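Okay, here's what each chain looks like letter by letter:
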Amino acid sequence: DSGVTQTPKHLITATGQRVTLRCSPRSGDLSVYWYQQSLDQGLQFLIQYYNGEERAKGNILERFSAQQFPDLHSELNLSSLELGDSALYFCASSVAPLYEQYFGPGTRLTVT
Amino acid sequence: GDSVTQMEGPVTLSEEAFLTINCTYTATGYPSLFWYVQYPGEGLQLLLKATKADDKGSNKGFEATYRKETTSFHLEKGSVQVSDSAVYFCALSEDNYGQNFVFGPGTRLSVLP
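Going down the list, the protein sequences come from chains A and B.
Its first residue numbered 1, the first sequence is counted upward by one per residue in this note's numbering.
Its first residue numbered 1, the second sequence is counted upward by one per residue in this note's numbering.
Any given hint might turn out to be false.
Straight line, CA to CA, 25 Å or less: simulated SDA-like cross-link-like pairs of lysine to any residue [unchecked claim]:
{"hint": "1", "chain 1": "B", "residue 1": "60", "chain 2": "A", "residue 2": "9"}
{"hint": "2", "chain 1": "B", "residue 1": "60", "chain 2": "A", "residue 2": "100"}
{"hint": "3", "chain 1": "A", "residue 1": "57", "chain 2": "B", "residue 2": "22"}
{"hint": "4", "chain 1": "B", "residue 1": "60", "chain 2": "A", "residue 2": "57"}
{"hint": "5", "chain 1": "B", "residue 1": "52", "chain 2": "A", "residue 2": "8"}
{"hint": "6", "chain 1": "A", "residue 1": "57", "chain 2": "A", "residue 2": "8"}
{"hint": "7", "chain 1": "A", "residue 1": "9", "chain 2": "A", "residue 2": "28"}
{"hint": "8", "chain 1": "B", "residue 1": "60", "chain 2": "A", "residue 2": "38"}
{"hint": "9", "chain 1": "B", "residue 1": "52", "chain 2": "B", "residue 2": "22"}
{"hint": "10", "chain 1": "A", "residue 1": "9", "chain 2": "B", "residue 2": "27"}
{"hint": "11", "chain 1": "A", "residue 1": "57", "chain 2": "A", "residue 2": "38"}
{"hint": "12", "chain 1": "A", "residue 1": "57", "chain 2": "B", "residue 2": "94"}
{"hint": "13", "chain 1": "B", "residue 1": "52", "chain 2": "A", "residue 2": "100"}
{"hint": "14", "chain 1": "A", "residue 1": "57", "chain 2": "B", "residue 2": "25"}
{"hint": "15", "chain 1": "B", "residue 1": "52", "chain 2": "A", "residue 2": "77"}
Chain A stretches covered by chain B per the calculated footprint, using a threshold of three residues with CB under 8 Å from any CB of chain B [claimed, not checked]:
{"hint": "16", "region": "37 to 50"}
{"hint": "17", "region": "102 to 109"}
No lab work stands behind these hints: they were computed from the structure.
Owing to the predicted nature of the structure, the values given are computational and were not obtained by experimental measurement.
Beta carbons: idealized from backbone N, C-alpha and C, even for Gly.
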């Protein structure tokens, strides 16, 4: 158990809908990262937050957004969902940028 | 841009067999290299890492050596166990752990008793 929690574990929704994925980092970790793991694209970095501020952006679509709250939990919002957004979404946390990342168990999103 | 190539598998071995999973990379700078493991139903866990040329990372009987001349970071284990069955990802980061990991496609390993 990495100490990173993600909810929900599974999510099934329809195209065009909007969903919110939640991540609670390990106690004491200030950085949160989001990744997407899909069959065709593999594992891709989406976005990173550090102490509430966006720090780095990867291959995140404009339909997706994220934020980190004062209590350090983070949410990833996915809107106008398409079939291709079906994937496992991982959250990871670290004490600070450039430190080891610990991954959560992931949220499996299925868009039908 | 940076990229990581690894054998995609699946790789199926008998218990106590020798394991090699090949990984090669392309990078503009001098990246740190990592192996992550993903057990069924779980997130990724750092298995080992190396931050400069000729460094050897090791953990739980697994080893990998950073070979700059061949741009490789092959994962090896002398005697695999059923519990090693998982997906293994090779990855690089230009800035140590950094924010911009580049992952390989993953190699699924199945170890049979």
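Hints, verified against the model:
1. Simply put, residue 60 of chain B and residue 9 of chain A have alpha-carbon atoms about 29 Å apart, too far for the 25 Å limit, and the pair is violated.
2. This hinted pair checks out: residue 60 of chain B and residue 100 of chain A have alpha carbons roughly 18 Å apart, not beyond 25 Å.
3. Of the supplied pair hints, the one linking residue 57 of chain A and residue 22 of chain B is violated, its CA atoms being roughly 29 Å apart against a limit of 25 Å.
4. Between residue 60 of chain B and residue 57 of chain A the CA atoms are separated by roughly 33 Å; this puts the pair beyond 25 Å, and the hint is violated.
5. With a C-alpha separation of about 39 Å, the suggested pairing of residue 52 of chain B with residue 8 of chain A is violated against the 25 Å cut-off.
6. With a C-alpha separation of about 24 Å, the suggested pairing of residue 57 of chain A with residue 8 of chain A holds against the 25 Å cut-off.
7. For the given pair, residue 9 of chain A sits about 23 Å from residue 28 of chain A by alpha-carbon distance, which is consistent with the 25 Å threshold.
8. The straight-line distance between the Cα atoms of residue 60 of chain B and residue 38 of chain A is roughly 28 Å, outside the 25 Å bound, and the hint therefore fails.
9. For a cut-off of 25 Å, the pair hint linking residue 52 of chain B to residue 22 of chain B stands: about 18 Å separates their Cα positions.
10. A distance of roughly 35 Å separates the Cα atoms of residue 9 of chain A and residue 27 of chain B; the hinted pair therefore is violated under the 25 Å criterion.
11. The straight-line distance between the Cα atoms of residue 57 of chain A and residue 38 of chain A is roughly 18 Å, inside the 25 Å bound, and the hint therefore holds.
12. Proximity of residue 57 of chain A to residue 94 of chain B is assessed by CA-CA distance (about 15 Å); at most 25 Å being required, the pair is judged to hold.
13. Under the criterion of a C-alpha separation no larger than 25 Å, the hint pairing residue 52 of chain B with residue 100 of chain A is consistent with the structure, at around 16 Å.
14. For the suggested pair residue 57 of chain A and residue 25 of chain B, the alpha carbons sit about 22 Å apart, so the restraint of at most 25 Å is met.
15. Of the supplied pair hints, the one linking residue 52 of chain B and residue 77 of chain A is violated, its CA atoms being roughly 37 Å apart against a limit of 25 Å.
16. Under a criterion of three residues with beta carbons nearer than 8 Å to beta carbons of chain B, the stated coverage of the region 37 to 50 of chain A is upheld, 5 such residues being counted.
17. Closer than 8 Å: that is the beta-carbon criterion, and the region 102 to 109 of chain A has 4 residues meeting it against chain B, so the requirement of 3 holds.
The structure does not agree with the numbered hints 1, 3, 4, 5, 8, 10, 15 stated previously, though it agrees with the rest.
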